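Q: Here is what each chain is made of, one letter per residue.
Number of protein chains: 2
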Amino acid sequence: MAFTTNSTIASFGGTIHKLTHDSSTTRTPMNLNLFIPGTASPSAPSPLLIFLSGLTCTPDNCTEKGFLQAHASRLGLAILYPDTSPRGTDHPGEHADWDFGSSASFYVDATRDPWSSNYNMESYVAEELPRLLSLHFAQLDTRRVSISGHSMGGHGALTLFLRYPGRYRSVSAFSPVCNPSRCPWGEKAFAGYLGGDREEWKRHDATELVRSWEGSLNCLIDVGTADPFYKGGQLLPENFAKAVEEAGVDGPVIRYQKGYDHSYFFVSTFGEDHVKFAAKALGLL
Amino acid sequence: MAFTTNSTIASFGGTIHKLTHDSSTTRTPMNLNLFIPGTASPSAPSPLLIFLSGLTCTPDNCTEKGFLQAHASRLGLAILYPDTSPRGTDHPGEHADWDFGSSASFYVDATRDPWSSNYNMESYVAEELPRLLSLHFAQLDTRRVSISGHSMGGHGALTLFLRYPGRYRSVSAFSPVCNPSRCPWGEKAFAGYLGGDREEWKRHDATELVRSWEGSLNCLIDVGTADPFYKGGQLLPENFAKAVEEAGVDGPVIRYQKGYDHSYFFVSTFGEDHVKFAAKALGLL
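Taken in order, these protein sequences are the chains called F and E.
Each residue of the first sequence is one higher than the last, beginning at 1 in our numbering.
Each residue of the second sequence is one higher than the last, beginning at 1001 in our numbering.
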C-alpha cells in the first residue's frame, strides 16, 4: 500500500482517512485527508471533489471546519484534501513567512532552486495523487473529478482547471486569488518559485489563462464583501470577471456575499452550494 | 454595555458575536460566543440553546467545528457558547493538568479554596450570563432556553437541567460524563472543587440526580461506540440509563452511534438532531 493510514474517523455516515505517503513528485512524505461517503463501494465508486486549501493550512483545516462532508455524504461524493505544500525539507527561508514556502506552494511546479526539487504541487495534485488514489481506493471513480479551493487554493483550483482542459468537470472557489500576477501574495510566490519572467507567470494566472479558454466554463466563485484580503487587493475577482467578459467566455458565476469574511465560517456557510455545484457536474444531481 | 465585542462574524445568514465581559460570579473577565440568527429581532426574539463545551475547550471549538449554526439559523435559534472555566487567575496548579483547573471547571460552584473564589461556573452559566444577555440583547428570548453540551459539558448540561427544574425546556448531550462520582475525571474534579464528601458529589452527578426526578425528562444523549473515553469508563451512560430505569423516569433517549469517536466530527454529524430536538422543545418545530 502506497498510503499509511494514520487514523480513520467516522463523519456524517462516511469515513475520513488521514493518510501519509511518499511522493515521487515532491520527494517528501505528504499528508492528505480523504473523505469517502458510506455509500461508496468498488461496484458503485464515488466521484471525487478535490479541495485545495489556502495559506497557513494543512489538510485538517477544511476537513474540520468546512462542513463539506455533511453535503458530500448525502450526495455520494468523496472529497480529497491535499496538503498545501511539501513538508520537512527546510530550505533556507522556507518557514520564515506565512505567505511563502511551507503552507504556501501556490500549486505550481517551481522552476527555481531550491524550490524546484520539492515544490511541484501542480504535478502532485493534478497527476500523482489522483493516480495513486485510483490504484488503492476502488471505492473512488477518479475519472469523474471536480476541483474547488479556498484563497490560495481557489487560485490552485482555477488554474489547474484552466491548464488541464477536460480533466475536471467543474471548478469552484471561495475567496480565490484570481490574478496572482497583480497582487502581493502572487508576485512574491511567483518570483520565488518561477523567477522574474512575468510571461511565465501568466501560465499560472487564472485571469490570464481564461482569456484563451474555449467553450463554456463551469465555474462558481464566492467572495465575501467583508473579506480583508479582498478589500486589500489580494483576490481581484473583478479582474477575472473582466477577462471572462472580454474573452466572451460563458458560464462563470461570481457572487459577492455581503458581510462575509475570509474565514471557514464563510466557506462552511456556502459549502453546500459548492458541493452541489460539483455534484451536479459529476452526475450526482 | 456589559459586553465588549471583540469581533462579529457572518455565519449561515446570522452573526457570531465574540464577546468578553467582567463576571461578578467568577470575578474574572469571561469570554463567550453568541450566535444570533438573521431572523432574530426585538419584536421576534430567538429562543436560546446553551452549549457547554468539554475539557480543553474554549468557546471557539464548537463554534468552529460543531456546525450547530447551520441548523440553528434555519430554525431561528440562537446559540450561546460559554467558556469552560474562568481564565487568568493562576491559582497554584490551575494549568498543570488538562482535566482540572483551567478549561475543566465541571460547571460546579467550587466550595474549596482557592477554587471557590472564582470557579463558580454553575451560577455563572445558570444565573449571571443569561440574565446579562437578556438585558443587552433584545433579539434573545431568554425565557425560552434549552441546554446541551459535549463530554464535561454534557455533564454540565445534564446536571444543570436536573438541578434547576423548569429552567430549560430540554437537555441533550454528546458523549456526556454521566456519572462523575464514579469516573476518574469526575472524582478528581469533585475532590478538588467540592472536597471529600461524596454525598455532596451526588448533588452534581446526573446519575444520582435523575433518581429523584419527577415527571418526564426531555433528554437526548448520543455516545459513540469508538469513543476511547466511553470505552475507558469516563462517560458511563449505562449507569445513567440504569438509574433512569430504576427511577421509572420516562423520556430520555440514549443512542449508541456505531464507530463514532469523541471528537467534533461526532458532534457535527449528530448536531442537526440535537438542534432540532431543542428547537422542538422551544416551539420552533
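One or more hints might be untrue.
[What the hints assert, rightly or not] Interface residues of chain F toward chain E, partial, derived using beta-carbon atoms under 8 Å:
hint, residue
1, I9
2, S11
3, K65
4, H95
5, A96
6, W98
7, N218
8, P228
9, Y256
10, D261
11, S263
12, F265
13, D273
[Unchecked claim] Some chain F residues judged to face chain E by a derived CB distance under 7 Å, without partners named:
hint, residue
14, F3
15, T4
16, A10
17, F12
18, G195
19, E199
20, F270
Calculated from the structure, these hints are not laboratory results.
A quick note: this is a predicted structure, and the numbers were derived from the prediction, not measured.
Cβ atoms here follow ideal geometry from the backbone N, Cα and C, with glycine treated the same way.
Q: Per the CB criterion, is F/F12 less than 7 Å away from chain E?
A: holds, 5 Å
Q: Is the interface hint for F/F270 satisfied, with its Cβ closer than 7 Å to some Cβ of chain E?
A: Violated. Min distance 9 Å.
Q: Interface hint check: F/P228, Cβ to nearest Cβ on chain E, cutoff 8 Å. Holds or violated?
A: violated, 12 Å
Q: Holds or violated: F/F265 as interface residue toward chain E, Cβ cutoff 8 Å?
A: With Cβ-Cβ at 4 Å, under 8 Å, it holds.
Q: Would the hint on F/I9 be counted as holding, given a Cβ-Cβ threshold of 8 Å to chain E?
A: holds, 5 Å
Q: Any CB of chain E closer than 8 Å to the CB of F/N218?
A: The hint is violated - F/N218 has no Cβ within 8 Å of chain E, the shortest such distance being about 26 Å.
Q: Go through the hint on F/A96 and say holds or violated, using the shortest Cβ distance to chain E against 8 Å.
A: This interface hint is violated because 28 Å lies over the 8 Å limit.
Q: Should the interface hint for F/G195 be scored as holding, given a Cβ-Cβ cut-off of 7 Å against chain E?
A: violated, 39 Å
Q: Is the interface hint satisfied for F/T4? The criterion is a beta-carbon contact with chain E at less than 7 Å.
A: Since chain E brings no Cβ nearer than about 19 Å to F/T4, farther than 7 Å, the hint is violated.
Q: Let's test the interface hint: is any C-beta of chain E closer than 8 Å to that of F/D273?
A: At about 12 Å, which exceeds the 8 Å cut-off, the nearest Cβ of chain E leaves the hint on F/D273 violated.
Q: Given F/E199 was flagged as interface, is its beta-carbon under 7 Å from a beta-carbon of chain E?
A: With a closest approach of 40 Å, the F/E199 hint is violated.
Q: Let's test the interface hint: is any C-beta of chain E closer than 7 Å to that of F/A10?
A: The hint holds - F/A10 has a Cβ within 7 Å of chain E, the shortest such distance being about 4 Å.
In the structure shown, a violation is registered for the earlier hints numbered 4, 5, 6, 7, 8, 9, 13, 14, 15, 18, 19 and 20, in ascending order.
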